[in-house]
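> Heads up: the protein sequence lines correspond to chains L and V, in order. When you line the first sequence up against our numbering, it's residues 1 to 292, in that order. When you line the second sequence up against our numbering, it's residues 293 to 612, in that order.
FYI, nobody ran anything at the bench for these hints, they're computed from the structure. Do not take every clue at face value.
Stated by the list, open to error - Taking lysine to aspartate or glutamate pairs in the EDC-like style, the calculated list, with each CA pair at most 16 angstroms apart, reads:
no.: 1; chain 1: L; residue 1: K5; chain 2: V; residue 2: E411
no.: 2; chain 1: V; residue 1: K369; chain 2: V; residue 2: D353
no.: 3; chain 1: L; residue 1: K5; chain 2: V; residue 2: D353
no.: 4; chain 1: L; residue 1: K5; chain 2: V; residue 2: E505
no.: 5; chain 1: L; residue 1: K195; chain 2: L; residue 2: D222
no.: 6; chain 1: L; residue 1: K138; chain 2: L; residue 2: D222
Unchecked claim - Per the computed footprint, the stretches of chain V lying under chain L, defined by three or more beta-carbons under 8 angstroms from a beta-carbon of chain L, are:
no.: 7; segment: 324-330
no.: 8; segment: 341-352
no.: 9; segment: 389-400
no.: 10; segment: 453-463
Just so you know, these numbers come straight off a predicted model, no measurement behind them. By construction, the Cβ of each residue, glycine as well, lies at the ideal position given by its N, Cα and C atoms.
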Amino acid sequence: MLYSKTRDAVIFQIGLAIFLTLILLIILIPFWRGIITAVVPLDIYTREGVPFFLSPTQWSFEAFKQLLGHSLFPRALFNSVVITLLGTAISLALTIPLAYGLSTRSLPGRKLIMTLILFTYLFSPGLLPVYLLITGMKLTNNYLAIILPPAVSVYNTLVMMSFFEGLPEDLKEAARLDGANELQVLWHVILPLSKPILMTIGLFYAVYFWNEFFTPLLYLNDNDLLPLPVLLRNILTSASFNEYVEYDAFSSTSLESLKAASVLITMLPMLLLYPQIQRYFTKGTLVGGVKE
Amino acid sequence: MTAKTLPLPSEVPSTGQFDIQKLLRVMWRQRWLYFLMLPTLIYFAIFKYGPLWNAQIAFKDFKPLLGVVGSPWVGFKHFETFISSFYFTELMTNTIIFSVAKLVLGLPLAVICAIALHETWFLRFRTFVQTMIYLPHFLSWVIMFGVLLTILSPGSGLLNEIIQRFGGEPIAFLTSPDYFRGVVILSDIWKETGWGTILYLAALLAISPDLYEAAAVDGATPLQRIWYISLPGILPVIVLVTLLRMGHILEAGFNQIFVLYSVPVYSVGDILDTWVYRQGVLQFQFSLATAVGFFKGVIGLVLIFTANRVAKRLAQQSIY
């Protein structure tokens, strides 16, 4: 864009910068508050509550120690990792072949399959019929109850399909002429070329499974199986903390600090992965992949 | 699955008339592809069409002992019960208030942010702001609940501390019927607006630079540039997003409300989905809850088809 540095333009730029800074502050202040609430030492907290600023030299990590010292957090973290990895693997394993099959325009029956799949995307009978199916299959207290119902997202399938459609047809033909079957074409030709889309869709699935808390709450009764978000919800809504922390918690830290610290612990894995995720927000994979 | 037995004649590259042998030959040539798709098709049959089969209990008096098939048909009884109940208006009102308010307040803000990001000269700053405002989208509503507590809790929340410093009484934002709707709407805008800018930014970047250059030559002010070039350029996207959201107007954000609400705010916070969950899973009113879910699904289907038709007419684009 042309920059003509007239007085108006400069004033406008200053206004924009102020506006964007304001937006940034609105996003950041709650997180900042969460951090300060988690690290405020008990004596300062009882004297003056949670201050707005607190010098890092005064930060106390007692709340984190209390929470991580108990077996619940490490176990929930492990459960979350299992659900996320297993869920993403199953989701991709089911999505890729469907997207690939649908990207083959000459496949007899393609239109019928497409219609049947789109219908499930456009019409959902709600929670109860799925709940009856899962409980009927005796999947309660099984991670498959959380993973399978949402495993294939029609939206993601269509995005992946249009990516596959964009790959040059010649490559597939060449492999077929060499005697490769479709399985081999997919594995040796298509997938190596599709890393960006596999990463993007995989990350979307992973973020979904990592954040999911309602279905674990619905289908898992065994406390040893609970993932992080459910543990966090139990902590945030409970009045008493005795089952979540080491015995001497209240002599060294406040309830508010413990809550804020559990939010931060739950958030941390996502924050660490976030730069990776962000790299894949490319225009092409997000926008315009939805059309059929 | 059905794909093997019911091929569409139009799909077959034939010489004119329907040739079953040729079709079978094509299908045999593609046998690996069907084989590859088979697990996913079976998955769809069980986990997407299984629930549709179960949905018949909306028209039955479901008794777990009799099963889905064995329970007696009752026609539209549950639909009538729901529509004539006092809950109907309350749930529909709450649901529509939430989704319309999130759209009407959130969308203009997202457009403004996208334009501001697009206009700014400070590219590093822009990248940093983008990174930060996308972040909340990736956090679950449970985490958001925790973050909200540090701002809104009556004991130590920042906002309540400010209120008290100015001599006011602390407000229980999350459990007070006067404030709950505002909290839901604003927290959704806080979480999703940043991510919402991504579509408009992409559309802004697709506008031809020639237009901006011509405007600069003509001495257009920044506001004229935005009004006459940027906004018209992204108008199709704005229309599409609005239509799509109208199609999903009965999706008011189950996860969010489920985490944030509590008994004192049911009257202003309860939406169709949360009610279905409580009636069905907690109160064992399987048929009634399924009927409400079914009702919502049918309305959603009609809305999305309407939205798509309008989109086709307005912007020559299809939304799905």
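> Would you list, in rising numerical order, the hints stated earlier that this structure does not obey?
Checked against the structure, the hints that fail are numbers 3, 5, 9, 10, while the rest are satisfied.
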